[in-house]
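Colleague: The residues making up each chain are set out below.
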Amino acid sequence: MSRRAHQKTPRSLLFGSVLLFIGFAAAGAYFLQKGSNPYRTVEQLKPADYFENANSLRGNVYQIEGVILNALAQNPEKGRLFSIGVTSDSKKWPMPIFIPAKLRQINLQKNQTYRAKVRVDDAGILVAEEIQKS
Amino acid sequence: MLVLQSIALQLGELESPLLSNLSAWYPASHFGAILGPSGCGKSTLLKVIAGILPHTSGSIFWQGKNLENEDLPAHQLGYVPQFSCTQPRLSVQENLLYGARLRQKGTAQEIETRVDQVMEETGLQDLQDRRAGVLSGGQLRRLSLAMELTTRPSLLLADEVTSGLDPKSEEEITELLASLAREQGRLVLLVTHSLRYMEAYDSITVLTDGHLAYSADPRDLTNYFRVKSPEAIYPTLAAQSGKEWADQWIALPKPEGITPENILGEMESILISKEKEQSLQLPSLLSQSTTWLSRRIKIFLRDPAQVFLQLSLLLVFPAVVTLFAYRGLPEVRNMTMSSDTGVLEQLRDSLAFTIQSSRVGTLVSGLTMFQVILLALMGSNNSAREVIGDRPILEKEKLAGLRPGAALLGMGIFLSLLVFAQAGWMTLFVRAVCQFPGDLEAQFIPFLLVTGSITALCLAISSWTSSSEQASLGSLYLVGFQLPLSGAIIALPDFLGALTRPWISAYWAWSGYLQTLKDTRFYDLVKSITETPLASSGVSLWILLIHLLMGLVLTYFGMRRSQWR
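The listed protein sequences correspond, in order, to chains A and B. Mapping to numbering that gives the first Met the number 0: the first sequence position 102 is 101, numbers consecutive. Mapping to numbering that gives the first Met the number 0: the second sequence position 22 is 21, numbers consecutive.
If we strip away everything but chain A, and leave its shape as in the complex, we get (with noise of 0.2 Å):
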């Protein structure tokens, strides 16, 4: 046992620490990353498959994250149509997104980015239930 007055901090102790550390901040972003989207369950849509046979996919709902582009339509009553581009594979890809009155308190503007629930109608569109700022 060594005297008080000449104590060391063995450098296994010391690096085993930072190391710890390393290891507890990386688990703690993996896992408060992955719980800041709250749509992480929802399967994302790939335009690709979208755009391939909108049909197929009617009734399923999904997540996707754009850019808006463009206001297309708009009725006070039902709700806007905007188009908004998708990146994926590389590619960016307009796609038709209709953000239903019962979401009018989102403020949406142009080249914002916004992440949504969405689910594919009858006629192929994208209708929102759930959208935020990405």
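Do not take every clue at face value.
Said to hold, decoys possible - Only pairs whose alpha carbons sit at most 25 Å apart, straight line, appear in this in silico PhoX-like list of lysine-lysine:
1. Lys7/A / Lys64/B
2. Lys517/B / Lys116/A
3. Lys91/A / Lys109/A
4. Lys132/A / Lys517/B
5. Lys517/B / Lys91/A
Bear in mind the hints are in silico, worked out from the structure with no lab data behind them.
Fit chain B to the supplied structure of chain A, relying on the hints for placement.
Modeller: Same frame as chain A, but now just chain B:
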């Protein structure tokens, strides 16, 4: 009784030994002087006995116990180093009171009574209200001695406490040490160059070149070295090597050291030590940290220049940030959504929006990063010299029983007060003047954590470096890297960014703050001008918290390790 058995100390295999095969013993109620030319190993021997330097071979026994197996309880050892271990801004009485509270459990009344007794013993009563910083050399040595005496140590080691004093002060301190050796079976060992007052010592130990040349009665000293006066010993020692002196001393037949007086003294010393062990206990960790904190606050407030500079920093830095947006953040014009407009109009709209994005986005991102960097600077200023500045005192207090964790807790609470004030005022002032939107509390937290984490990391640097200059430079590196490696102004290449960002607190605070603007157009404008990805709020705060905790843990290890000079 202190027994040194074949003590040797060698720092490196190629270096010559600092102490060689040194054996000596000192009974209780004894005043011994350790003499020798400069560099002969006198102070080193004292440090080995105190446990500050680990001897490479041999054994040290105190009251029959091998100190390698069972170290001396902190209150039994008094060690007065060559440097002053007093706080210059505190009075004599405050130095003694705080020192005593860190070393022993007891009510405020008990501690005060003990401090009064010690001041009386050491003749410091008339100086009790005088600041340590204005004491003379002799008075300062008295104070250092008095601080050791509050726990009534059985073994008192004094390193050159009489050096550099005028003859009167030297005589007074020597007499004081001699009287202390007559109390309670105490052993006092004094390292000195001085050959005056030889009659005051019970024994003289002479070292030369790390070897023991003599350790016996002072009256036989001149005979042994065949000199007329003690002053002639030093030139005589140079006449032959240390090894030859040691061989000569070992070969000399010595009288049996155990006498009835020694045995009685030893028994008395052991009995008193056991009694004291029962009555004197170390204060709890919380009590030590409260004492440490109260002393730190007092020292801080006693330095008006320091208080003024801290306050200036607190007020001026946020004011500098607001210079760039003292009229508030500009309003943001949205792009036209309709696709009915002509191509030319759409292009014009897009161009106007791009110009606006660049101007407003850069302003918001820059103001955020500006606040973060200034907070990082304040954090580094808080702690870069906090440990290293008083490291010798910390080491001395650890030897006397202060737990590193207690000092860290006290330090942490003190620095937290500064960090809260700095982050709080920066958030409030800049937000109020520049009219930043978003949740106030959510904006305060990343700023609080970045100031805290840089403070903690600089504290760690301070605890691992060996000089204030090194600590300042290390902290400068840490803060200096924050801006370029955060990617907030110029994006780093993807690979490099991913590699460096985890370590850059400023990036996480910048991201965390900008996330609070997510519901505003400012956030989109910043995103449109920066290629550096913004981390989510939760991840940003988590990483900042990890930085802060890592800084504190590294500081604990840094403070715990021994760093005697």
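Colleague: Which numbered hints are broken by the structure, listed smallest first?
Modeller: none
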